[in-house]
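Each chain is listed here by its residues.
Protein chains: 2
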Amino acid sequence: MGIVPGVAMPRACGVGMIGLGTVGGAVAGLLLRHGEEIARRAGGSLVLRRVAVAHPGRPRAVALPDGVLVGDARAVIGDPGVDVVVEVMGGLEPARTYVTEALAAGKSVVTANKVLMAARGEELLAAAAAAGTDLFFEASVGGGIPVVKAIVESLAGNEIREIVGILNGTTNYILTRMARDGMGFGEALVAAQRQGFAESDPTDDIDGHDAAAKLAILATVAFGARVVDEDVYREGISRITARDIAYARELGYAVKLLAVARQSDGGIEARVHPALLPADHPLAAVNEEFNAIMIEGDPVGPVVLEGRGAGGGPTASAVVGDIVDAARNRWRGACGRLAWGGAVRRPVLEIEEIVVPYCAFLEVADRPGVFARVAAAFGDEAVSIASIVQKSRGETADVVLLTHEAREAAMQRVLRRLRALDVVAAIHAVLRIAG
Amino acid sequence: MGIVPGVAMPRACGVGMIGLGTVGGAVAGLLLRHGEEIARRAGGSLVLRRVAVAHPGRPRAVALPDGVLVGDARAVIGDPGVDVVVEVMGGLEPARTYVTEALAAGKSVVTANKVLMAARGEELLAAAAAAGTDLFFEASVGGGIPVVKAIVESLAGNEIREIVGILNGTTNYILTRMARDGMGFGEALVAAQRQGFAESDPTDDIDGHDAAAKLAILATVAFGARVVDEDVYREGISRITARDIAYARELGYAVKLLAVARQSDGGIEARVHPALLPADHPLAAVNEEFNAIMIEGDPVGPVVLEGRGAGGGPTASAVVGDIVDAARNRWRGACGRLAWGGAVRRPVLEIEEIVVPYCAFLEVADRPGVFARVAAAFGDEAVSIASIVQKSRGETADVVLLTHEAREAAMQRVLRRLRALDVVAAIHAVLRIAG
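Protein sequence lines correspond, in order, to chains A and B. Adding 16 to a residue's 1-based position in the first sequence gives its number in my numbering. Adding 16 to a residue's 1-based position in the second sequence gives its number in my numbering.
No wet-lab data here; the hints were simulated from the structure. Predicted model only: the values in this text are computed from it and were never measured.
Reference excerpt, derived from the structure (chain A facing chain B, CB under 10 Å, subset only): (1) Gly-60; (2) Phe-306; (3) Gly-317; (4) Gly-323; (5) Arg-324; (6) Gly-352.
Have a look at the derived ranges for each label pair, beta carbon to beta carbon: (7) B:Gly-202 <-> A:Ala-295: 22 to 32 Å; (8) B:Gln-211 <-> A:Pro-363: 34 to 44 Å; (9) A:Gln-211 <-> B:Gly-283: 34 to 44 Å.
Cβ coordinates follow ideal geometry from the N, Cα and C atoms, glycine included.
Start from the sequences, fold in the hints, and give me the full structure.
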């Protein structure tokens, strides 16, 4: 479909872009270098008419035709030859203002901006619906992985029950190096920076902010509920040690930074934290900088989508896919074809309300009676222990404790009890277990 | 998107179905039981108006409203209240006739029929284009995995270079049991039949016909080329032994029935055969009855989609996704939104022209000088040996030989030479290596 070889194609769609960084440059390059092939697949041509940058005079990696570069986003939004506005500048403002203005002007908008969609997605989708136009944002989650379209279109017959994702390539690369090469967190971070998989300030990735924004977007489209980035509970990976990972592996688990959104009885769970995954879980073998999302739907069962979650090429693939979608709608007078009617109000649960199994990595005094006291801390809170592994280190012993499912609030009380025990030398990590 | 809570929805789409087997029953059940939720997501309701079956009087697992069941497919196609015709009867005829008539009548058509699409897909897509309507067929490949939409829409900006898939759940289940439990082929087949993953006559699955049909469909949409099931080279899995699989594992490989379609210099490769996959390949850990497809695109890189490839629920998910797509187009007057303009003519290569590394499992006489003679058979055809593993079994020795990349024609000549050597007791299997 979408292949029109050797046929005259009178249809064209004017594309304007705001921003020309890594993603914008890749999008422009793709449209300019592969325009004919894309036109064959799309059923009409995509013409890059305007690109707004802060400094139009500066030299660029991609050679744009004369007159395309402008210094003002409004020159893109206001150009009557621009049908689709592509926002790849990132950040909340002025991106929000530009997108809002473009929608109000009846333009179709394609954005790769996760910060914007996670914070203001609902407002912007409502603005698009009010203007009778399209807002597409596939590139805001999972780079080139077609997850938004899968949820909104392919799985429209399903009730989505759960989404479990590895949504941040930087942290997945770091955890992969720690697991595979025994690196410490700091060393693996430096390796990620050298490979270009981590920014010089990697805070947003390491502390789970990036994954939380993406999860908020997925939860919104999957559950039809309003979930913003600030609703998502977050724990980062900076406290994970190579020793935790090695112990987890001995027990048959991988350690991943998971993003979990789940429909549960009282509301919606939305959380990003390091977690143990059984070695045979579909996400356990997703390594390096790759992202993957497992969607559990009824009646489809589990569907897993995997690919490169960042970088110019994969993100440009998603942006151009969205531009083609927008163009096809404009050519057929079908903008707003995927009606957005607003979100259902379901509460997002506090982390204390979730129920999962846990794994605790402790260091305890290596002498008789200690075990009984540690076990009592769990028993007193009715948290049931599933298995215990102990390794003597001389004065102390490493203890790895796996629990059955327990309410987070109860587990937090167990930890307070453990901290108060003089025989517990350290609580290295407490990880939730997925799958 | 597609969520319209508490809003009056005047839009309805009449659905007619031909066939009420496993898939049809699941589709009807989904539309009847979850109609309201699907309507919220779709932006309008899907109303099941007519279902044609051979014996309307027979008792059914799904309770349909009075008057819905009819005995004649033409009563579905000709009903003015039916907007979308869902063909889930399977087989080439009369399905082809019914689909053709429905398209000519301006109905949108959704089919789950791989046999039909693999043999006549191009003709039917052209008929849909001529009638200005839609033909959707997501359910014909990979059950609930949204692979057709991913290729045609999400990845429209990419040049698809290669598709590697595990497209048949029956054979994947059999190979999984052979690998995991050491079963022989026959024993694993019986286990698959007991689990309901294999038909009583499993020929179409075992010999690769089913996977070949699905690969033809994917190659057609991915490459914009005409590839029909008969173009696909096929080898089945019935000659694979548990011993081959055990040896492969020792060498770090899994054995899978792979479907490979690739753009190569002289044309298109399209082949289904058992193959060795490196243990860290994304498809190597796809087990049981699951299907998965790896799409290699430029610029997206590798994208892997995994899920249940068969069964009522997953297939119904894909069918209903397509019905929603068709309904959204009808509501917006945008049928034929994904223009099909015909296929590019690129030749499908003969198997002798492909170039891959090989793995040969031989049994040879266990005495001096044998190795040199075996190696010479490779050397004389300029097929370069990458590694050799030998295990004595007394009189004979098992030899596993891995080659560097070689042309299939050369490898076939090597095999003829080996068969002519008196020191070669048996050639157990020769498998292509992927990844």
